[in-house]
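Put together the whole structure using the sequences plus the hints.
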Amino acid sequence: MSAPLDAPSGAAASPEAVLAGETSKAIQGRSLGQIAWLRLKRDKVAMAGGVVIVLLVLVAIVAVLMDRVFGVISPDQFNEDLVDGSTMKPLGFFGGMSWDHLLGVEPKNGRDILTRVFAGSWISLLIAVCATLLSVAIGTVMGIVAGFFGGWVDSLISRLMDIFLAFPLLVFAIALAGVVPDKAFGLDGEQLRIVMLIFIIGFFNWPYIGRIVRGQTLSLREREFVDAARSLGARGGYILFRELLPNLLAPILVYSTLLIPTNILFEAALSFLGVGIRPPTPTWGGMLSEAVDYYTMPHFMLWPGLAIFITVLAFNLFGDGLRDALDPRSR
Amino acid sequence: MKRKRLIPAIAAGAAFVMVLSACGGSSDDGNSDGNGGDNTTPAFNAGVGKVFNKSDAKGGIIKMADNGEPDSLDPADTYYGYMWDFARLYGRSLVMFKPAPGKASEELVPDLAEDLGEASDEGKTWTYKIRKGIKYEDGTEVKAADVKYGVLRTLDREAFPNGPEYFKQFLNLPEGYLGPYKSKGVDTSSAIETPDDYTVVFHLKTAFAGFNYLAMLPQTFPVPEAKDTGVNYRDHVISSGPYKFDKVEQGKQFTLVRNDQWDPKTDKNRPALPDGFEVTLNLAQTEIDNQLMSGDLQVHITGTGIGSAAQSQVLADETSKESADNPSIARLWYTSINSNVAPFDNKDCRIAIEYATDRTSYQRAMGGEIAGGDIATNLLPPAIPGYKKFDLYPAGPDNKGDIEKAKDHLKKCGKPDGFEMNIAYRNERDAEKAVAESLQQSLERVGIKLTLKGYAQGDYFSQFVGLPSFAKSNGLGLVVNGWGADWNDGFGYLSQIVDSRVIRETGGSSNVSVRDPKVDQMLDDAIAELDNGKREKLWSDIDRQVMDDAFILPGVVAKVLLYRGQGLTNVYVNDQFGYYDYVSLGLEQK
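Protein chains in written order, with our numbering: chain U, 1 to 331; chain A, 1 to 590.
The hints are simulated quantities; they were obtained by calculation from the structure and are not laboratory data. For glycine and all other residues, C-beta sits at the position ideal for the given N, C-alpha and C. Just to be clear, a hint being listed does not mean it is correct.
[Unchecked claim] Here are the computed distance ranges between Cβ atoms for each label pair:
no.	chain 1	residue 1	chain 2	residue 2	range
1	U	183	A	186	46 to 56 Å
2	U	310	A	250	45 to 55 Å
3	A	382	U	55	48 to 58 Å
This is how it looks when you write it as structure tokens:
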């Protein structure tokens, strides 16, 4: 019979020596988070997405600082001398690319595209992230309550979810954007607009998270640790928020990451339709909308389109990788 | 460029030009030897001021398209200039503008009537004699009573809300008259009389020297009372012109075919060359432009010109440019300065805006010199008789504004460091958004910070900028605006935009800012003035007064870039409408 262990040759073939080799590095249990992180690190594509996300967030922070706090960039500045007066076409290669204007300038008014794409990043990300947070907050609470309590509570909340999912969101958004007055709830102008967009996108998207959380809750509530907590005297609220919620964090995190790009596209669509942020404040969707009229000068459509594409792709790749990493059943 | 790359580049360039010339402008028909007097070779502006491709060949169907739809095919209910042009194909008004290029079209010539109206009672009564033997499409004869009926039905604003209201304003109607449907049997002879079958007499409340212009309106098309179907009349208007309706699908398309009851001997104005017309509705602008350039379509009926995407293509390419016409029209794009919103109640603050505006940037925002128009310095466009050029607020040698003077006036009105203001524009109009952005940049130079507010076009005047209470409570001190003359004379242009009495508290007026009792009085004097020369001078005086008040910031005198469809004959821009004259068009016969 051969020895199962790799025994060191010679004098160290005694049990103590072999065991000593094993314990020379301590056995450490790995937490779920650590396991997930290691698996994520191995997924190169997801990590690439993650890096891009981090960069985007940094860019957005720098953008809002430079644009609104310190005022060192001027995305609205016209450079009409860089554009031909009769065809409205920017002079120069591919929309007037030059060292001063790395991505070229807009037709007709000659605004620098790089500055505008850069300045547009923070609004797009801000609205998408805040709307996602709103959706997640409402969706999680509703989903947990529906999944845990069951019965008529579940029925009621599920029907509510169906109603919200069936709602013609785009139409409602357009209508609402038209009737919102200039001053309301103590805010006015652009701030009100941003809050309104966050509300519209976030408030109506909660069933997406809600259904997933409800499903997970339904499966989790049958587990032994819930019974154990109940037998110790824990009531509904405690079980919901101290026992179930931590176990739901994984799917919530994953689907939030996947919801952000949806909301970015949504905000872009609203801006494209003219119900987004007021001009001349740049947003990626707004720039695309203006670019359609000038489709014979494709550079104008390319850059904001590329910005949206890269952002959405990064979030999607990272979210997918996160889901694979956190899902105990895969691999 | 390196030598090696030059040759393929030249070859590619040559191929490109050949491809373009193949699909670009229309062909020589072999008759022309290229000299200008013939005007059959396509050239930029070949259809402006002269007839392009003269011909009297009959036949063919002219294909047209609309990127929206008309307000109505019913002549009582349309206020679109292009419909006033086109409707002459299926109806005849008492008088019409002479169908000729250039200044000749200013002249009103008789159409249904034998002659222009005869004024009496110092301009309060106007008499027209209509021709005998003019027949509708069903063979019945047109009588004076039909003209009276046609005018009376326009007074029903509920059934026909769109058309102009001049008849309501001027005719001496009985109190509370609501048109023939609602006020049945009411005696209207105080307003319109028909002493015999071929005479119509109009009685006005006040003298109006320009009544012939009202007689030009499609609202004077004869309508046979027995065949009137009220609001459904638009589905088949009974024709008194050279063409009649064949198919009408509201919102999709309509077609005209020859009216065999039309007698060319009674009509010197219409050559009626094509066999018919096909008009497709609600086709996208880019689609229309593409079809025009490929030859699948001959006319973009609205005459609003080619879209921005096609513009840069057409203007950049010499061959395509030869198919373009660039007329100036009697329309001004401007910005109203609303004195109801502080600090514009102070005249010096308004004058500061006039000086601080970068005019070249305004022009560019509207589309530049070719597609936008010439920079305007006063209210009347050059097409209006009586126009005189003047500039009360010179904008410096480069036309980019006089910052020093602007700052001076700001100091005088108590705002040396500028102030915050809102500017309203129509969301659907990219040019207006561009104007608002341009003004934001210009006025920032003197410390005036603008916030842009876009509103829906459909309700712009009825609910927003034209509703005085809304405009005031939302601080809409600057309003991007535009106005085209209803007809090219001082009254047709000015009356709806400088008379303070047209401003309604219930909203709807295009006059957002001009409130000067002196101007109102000058308008009243002008419309009663029967002497042409004196009247024309008065229009210019009104222009000067409004500019002195600084209630209006003029932008550009509109130009439009039209694409001349392939194979059309007798193409020219009718200066009175600013579009191609649809009555004269024909098709080349292959």
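So, going through the hints one by one against the coordinates:
no.	hint	in the structure
1	U:183 with A:186: 46 to 56 Å	holds (50 Å)
2	U:310 with A:250: 45 to 55 Å	holds (46 Å)
3	A:382 with U:55: 48 to 58 Å	holds (57 Å)
In terms of the numbered hints stated before, the structure departs from none.
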